[in-house]
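These protein sequence lines are chains A and B, in that order. Residue numbering for the first sequence follows the working numbering, starting at -17 and increasing by one per position. Residue numbering for the second sequence follows the working numbering, starting at 6 and increasing by one per position.
Read the hints as simulated data drawn from the structure, not as lab findings.
Facing chain A, according to a computed beta carbon distance under 10 Å, are these residues of chain B, among others: (1) 218; (2) 270; (3) 273; (4) 288; (5) 290; (6) 413; (7) 414.
Rough simulated footprint, nothing fancy, chain B against chain A, three-plus residues with beta-carbon under 8 Å: (8) 3 to 13; (9) 47 to 54; (10) 69 to 77.
Think of the CB as a built atom: it goes at the ideal place given N, C-alpha and C, for glycine as much as any other residue.
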Amino acid sequence: MSLPKDSITKDYTDVEATLSRITSHTGVQGIVIATHEGSVIRSTLDNIQTQQISTLVTQLAARGKSVVRDLDPEDDLTFLRIRSRKNEIMVAETKQYLLITIQNPNELQKGWI
Amino acid sequence: MKSVRRTKIAPDAPTLGRTASMHSLRSANGDDNNGGGGEDWLPPKVLLKPAGQLQLTETELNEELTRILNANNPHAPQNIARFNHRERVFKASPNVDHLVVHFEFDGYMSYKNVDESSAPAPVKDSVAVVEPPSGEAGTATEEAGTPTPAAEAGKDGGEGLEEKAKEEEQKKPKGPLRNQFNFSERASQTINNPFRERWTNTEPPPQRTLSDTVNQWSIYDAYVEDQLQKEKAKAKAPAGGAGAKGLKDEDKNILPTETHTEDVYYKNTDLRRALIIIERMANQNTFDEIAQDYKYYEDASDDLTPSKGSLLPLWKFLCEKEKRKQVTALSWNSRFSDFFTVGYGSYDFSNQGPGMVAGFTLKNPSYPEFLYVTDSGVMSLDFHPQHHSMIAVGLYDGSVAVYSMQEKSDAPLFKSAPKAGKHTDPVWQVSWQKDDLDGNANFFSISTDGRVTQWTLLKTELNHTDVIKLRLEMQSPQEIEGSIDDGQLFSLAGGSCFDFHKQLDHLFVVGTEEGKIFKCSKEYNNQYLLSFEGHQMSVYAVRYNHFHHNVFISASADWTVKLWDHDEDKPIMSFDLNSSVGDIAWAPYSSTVFAAATADGKVCVFDLAENKYEPISEQQVVRKAKLTHISFNPFEPVLLVGDDKGQVISLKLSPNLRKKNKSGDDEATKLKNIILIARGQSPTD
Chain A
-17 MSLPKDSITK DYTDVEATLS RITSHTGVQG IVIATHEGSV IRSTLDNIQT QQISTLVTQL
43 AARGKSVVRD LDPEDDLTFL RIRSRKNEIM VAETKQYLLI TIQNPNELQK GWI
Chain B
6 MKSVRRTKIA PDAPTLGRTA SMHSLRSANG DDNNGGGGED WLPPKVLLKP AGQLQLTETE
66 LNEELTRILN ANNPHAPQNI ARFNHRERVF KASPNVDHLV VHFEFDGYMS YKNVDESSAP
126 APVKDSVAVV EPPSGEAGTA TEEAGTPTPA AEAGKDGGEG LEEKAKEEEQ KKPKGPLRNQ
186 FNFSERASQT INNPFRERWT NTEPPPQRTL SDTVNQWSIY DAYVEDQLQK EKAKAKAPAG
246 GAGAKGLKDE DKNILPTETH TEDVYYKNTD LRRALIIIER MANQNTFDEI AQDYKYYEDA
306 SDDLTPSKGS LLPLWKFLCE KEKRKQVTAL SWNSRFSDFF TVGYGSYDFS NQGPGMVAGF
366 TLKNPSYPEF LYVTDSGVMS LDFHPQHHSM IAVGLYDGSV AVYSMQEKSD APLFKSAPKA
426 GKHTDPVWQV SWQKDDLDGN ANFFSISTDG RVTQWTLLKT ELNHTDVIKL RLEMQSPQEI
486 EGSIDDGQLF SLAGGSCFDF HKQLDHLFVV GTEEGKIFKC SKEYNNQYLL SFEGHQMSVY
546 AVRYNHFHHN VFISASADWT VKLWDHDEDK PIMSFDLNSS VGDIAWAPYS STVFAAATAD
606 GKVCVFDLAE NKYEPISEQQ VVRKAKLTHI SFNPFEPVLL VGDDKGQVIS LKLSPNLRKK
666 NKSGDDEATK LKNIILIARG QSPTD
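Given these sequences and hints, build the entire structure.
Listed below in structure tokens is the structure:
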């Protein structure tokens, strides 16, 4: 009986470990896991930013998805990368969730070698 | 209607009556014989008196005689007797009819347009004057017995009238005619139901404004969903009999998943996959320059110095958890060009501990894709060439294990039991071989306890067979049989590495700690086919060439790398690298290129076609660390080296280091020619 419980906690720790790894990665500002409707499941950012990102990015992702689907209904959006002057917004789209990561790619150079 | 009343003055005497009737007769005939008779109606001027007239006195004349009028017919017989047939006697009938009809007259008016015969007869319009005749009047008119001319005349008139009436009567329709003036219209109306209006105000149904933007893909999705449901229903329909139970089961299945989906985001496999990809993306951003170098950078200086090459360091892989561990094994995946595993352990006898197997991808240098922690230090590992997820691992404590990346758990798929054939010393090398005849995967391991063991993966267990026991001195089979006791153990050679012939499955060479290399066969487990003398110290690696199947190379702690033909006991070539050579590897793309990793942190790449004495690239890769292992990527020009600080460095080979056959020769003949030259013979073309 303890086996499924273990696997759940393992799942949890695995995901949390991955999340914390990504968060601590060079330049990464934070991660937001949100549903397609924009409700936040998990976030490593502060409230205001989380709110902003979840509402705005989900809209954009929905729009992007719509574009892809309109071009070919059998196609689907999987990832969305937006490079801005300061940051890169990376959106991974899954069936249920949107995984939004903000990374500052300019911060990297000092971290390497 | 006309009524005629015939008034008659009843004469007191019959004579008077007679005269009166005479008068009327005369007037009726129009014959006036009497002068005076004609003026009957005139007041008599001359009173004529009959002769016999009684003379009355004045008083008598004035005397009043009272006569009473009654309704009895004076002429009606009062003594009518009729024969009664019943009693057979005459009987006087007491009832005498006193009714006398004086005048009868029927109406003669009828409808103008109605045919009287067909139309209903009008109500008889007749007037009957009924007068009860006085006695005198009766005598005057109806006395049939005494017809007088006056009476006859009256009769004539009466008869004419009667005839007229009769005619009329015949003309008259039989039935009564409707009186048109007596018409009354009668109408009746049924009761009209009064109108009633009844209404109640129900609660208004909830309204919802539903608006949506429909586009091509949403329609497509709707259709796909519909299709799926139809198929589901179809699949369900045949199994309708077991529906009740099936439904229940389904409910059970559905319920928990639905309730869990919201909060248990970490169970979502899609999300986890996305997380991994995001991590790779972040790494790609971080190491973008390296990725560009990996893909596109070619050292420009190679063109200037054709006989020299260089190594470009790319990513460094470091497992944060095990910084103090040494890299004891490296193995590329044979299918995924970016994937490799690193074994962590320790070569230091006094510093042992748990080991690790980490799987890295070039796409994510910061963290391994997976990690297996082992009880003992990992000493060797090998990816299965066909089953890409299977890793054989040899541990410091002498046990071997097989991990499968497809398994969810971190436990090994197979692990050798302590009693069943486990090595007593560290397992220095493991190597997969072709599946046996039954299709079971199997691998070989070598340990310093002197045994080479074949492990076969059965369904539930790992089966072991000792292929050969390495003895230091193996002169004759007889001698061995005599010394089966303790002496045998001590005389065993410590195997440290081996490699199988690329074509002959049974043939392999074994390097030992003593520096000797033996050529062995699976078929002869008591005898070496050949022993190669040349190394003075432990042999760390032996590798057959990928193209020239009889040639192998060995790396030893005595600072040398030697090239051998497996039919000759002396080395063909020897290279001194000025440091202990930890590992050596043939390049997969060229028969003449090999790379060696030395303990002073250098990587030396040789291309015998270019230079038979010196490495064409000798590069310090790490400082203050010993390089322990080296491995060529089977697809990309990338070299991996591991050091004893737990770091793995990927290096890109410059174009000069990955030169392929220039002359278009077969790779094998290229090496063969070089060997012939090295032996002082002329190359065969």
